[in-house]
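*Asks:* If you want the building blocks of each chain, they are given just below.
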Amino acid sequence: QMCIRDRYQRRVHGDQGFVIKMAGSGYDYDVSTLSPEGKIYQVEYAMKATENSSTILGMVCKDGVLLGTEKLIVSEMMVSGSDRRVYSVTKQIGMVITGLLPDGRCLIDRAKEESASFQKQYGIPITGKVLADRIAQFMHMNTIYLWARPYGCNIIIAAFDEFGGPTLHLIDPSGQCFGYFGCAAGKGRQIARNEIEKLGAKNLTCKEAAFNMAKILHKCHEEMKEKKFELEMSWICPETGMTHQMLPKDMQKEMEIRAQETLEKEAMADVQSQIMKNINICLLYTSD
Amino acid sequence: MESTDRFVPVRDGTTIMAVVYDGGVMLGADSRTTEGSLVYNRVSDKIEPIHKRIFCLRSGNSSHTQKIAQLCRLYVSQLGSELEQAPPVYSAAKIIQSFIYNYKSFLSAAMICAGWDPVKGPQIYTVPLGGTLVREKIATGGSGSAYMSGFVDTHFKEGMTRKECRDFMIQSISLAMFRDSSSGGIIRLVDITKDGVSREYISHDQLPLKQPLSLIH
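Protein chains in written order, with the numbering used here: chain A, 861 to 1148; chain B, 10 to 226.
This is chain A alone, in the form it adopts within the complex:
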């Protein structure tokens, strides 16, 4: 029993139509087509666009929220700070993007418009949950129609408001949006998620957790050590009056140096314990 697509392929391409069968094989030409297994391949491809991009992560702490990303320095000639990933949407909401950056910047503009129109209509600043829901709906809208393509970016929205306290939301290209205590996306997301879980940021203040975030971001980057990179971190905490600010430059530098030293020490400790194990094994054999 063949489905309509397969029958069409056979008729048009003859028996050759079945020789080369790639992943999507006809169900992945536009986002308005579902495959027989029930997947939308275009949305999955959009998610692939974010899987190999810079790591982004966020953490809710005892007294606020942290956002961070690591970005490769593409060219030595580029003005530092011009490749921005972390933006303030309102005074108390921040967003970080990964994946296709122009898509992400479009979403940040959209978020700013949504916040402004919400404030104009209702007189109160938009809450993190409402903004995340609206952006998620907007991203999802691009996965239904034939003439649009999904946004190829993951975004994390960090917010503080009097209704929900500190909140963190992660939105992926399919339009799924969930609230988190700690989340990560991008290339190093597995490492980052494990580290964030181990950390238990809910019991740390933002200042303490910021150092750990620098450490995690450096760890995520370890596979590509040769390539130069820099961090972009921001926070919403009592030190900033619960507004969204980038981490002060000198504080960030100091944390990065400490983070690198700590990681090197841990790496040394690992190597040392390996050597000790080997020595013990040698002693075992020579004592005979």
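These are calculated hints, taken from the structure and not from any lab test.
Heads up, a few of these hints could be off.
As the list claims (entries may be wrong) - Below are the PhoX-like pairs computed for lysine-lysine, each with C-alpha atoms no more than 25 Å apart in a straight line:
| no. | chain 1 | residue 1 | chain 2 | residue 2 |
| --- | --- | --- | --- | --- |
| 1 | A | Lys980 | B | Lys61 |
| 2 | A | Lys1079 | A | Lys1125 |
| 3 | A | Lys980 | B | Lys129 |
| 4 | B | Lys76 | A | Lys980 |
| 5 | A | Lys951 | B | Lys76 |
| 6 | B | Lys166 | B | Lys129 |
| 7 | B | Lys172 | B | Lys129 |
| 8 | B | Lys113 | A | Lys980 |
To be verified - Across the chosen pairs, the derived CB separations fall in these ranges:
| no. | chain 1 | residue 1 | chain 2 | residue 2 | range |
| --- | --- | --- | --- | --- | --- |
| 9 | B | Arg188 | A | Lys980 | 39 to 49 Å |
| 10 | A | Ser1133 | B | Glu93 | 42 to 52 Å |
| 11 | B | Arg144 | A | Asn912 | 46 to 56 Å |
| 12 | B | Lys113 | A | Asp943 | 44 to 54 Å |
Just so you know, these numbers come straight off a predicted model, no measurement behind them.
Backbone N, C-alpha and C fix where the C-beta goes; we use that ideal spot for every residue, glycine too.
Following the hints, complete the assembly by docking chain B onto the known chain A.
*Replies:* Chain B alone, transformed into the frame defined by chain A:
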């Protein structure tokens, strides 16, 4: 002279009043709706519910204020479902203000929005004819409010108990109804607190002021 009074708008001549007391906010209104000199409805309800703990008082052209209250109810319910929490009273007042301000050349509406929300507690916001938005501890409105302003200024104090507030409001509104021809009927009271909303009305025979006897013996 040509008569241009073919269409006389139905007006809430009105006395409306809202007072914040210790523990909640109380809203009061008379119940007379006039169409020129005809009393169109002598038991009308000028206290409109907007949300579970937000109400508004209407004065001016009846159709305008009813429409504004309906639209406010629509937008506030949308806000409540987006926030998944009690919407702030300020937002309801802002919506009323945006209508009255943006359409002020077409509308003749002055409204008082009052209620309780978990963040700021009991609040009152007035939106008079021009479309300003002012937060107050006590607000009066309508044609009858001029006749009770002396009494209100003298006897209002912050942080009254519920009983003191109720007596104060009944006395003020009866004074206004006594002298203003566009206000009369019964007094409707709505009490909004954290725990709930209660409604009552004071009928004519229970009012503190009665009609004076004729001076001609």
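*Asks:* All hints are to be evaluated individually against the structure, with a verdict given for each.
*Replies:* Quick rundown of the hints versus the structure:
no.: 1; hint: A:Lys980 to B:Lys61; in the structure: holds (23 Å)
no.: 2; hint: A:Lys1079 to A:Lys1125; in the structure: holds (13 Å)
no.: 3; hint: A:Lys980 to B:Lys129; in the structure: holds (20 Å)
no.: 4; hint: B:Lys76 to A:Lys980; in the structure: holds (21 Å)
no.: 5; hint: A:Lys951 to B:Lys76; in the structure: violated (35 Å)
no.: 6; hint: B:Lys166 to B:Lys129; in the structure: holds (20 Å)
no.: 7; hint: B:Lys172 to B:Lys129; in the structure: holds (23 Å)
no.: 8; hint: B:Lys113 to A:Lys980; in the structure: holds (18 Å)
no.: 9; hint: B:Arg188 to A:Lys980: 39 to 49 Å; in the structure: holds (42 Å)
no.: 10; hint: A:Ser1133 to B:Glu93: 42 to 52 Å; in the structure: holds (51 Å)
no.: 11; hint: B:Arg144 to A:Asn912: 46 to 56 Å; in the structure: holds (53 Å)
no.: 12; hint: B:Lys113 to A:Asp943: 44 to 54 Å; in the structure: holds (48 Å)
Of the numbered hints stated above, the single one contradicted by the structure is hint 5.
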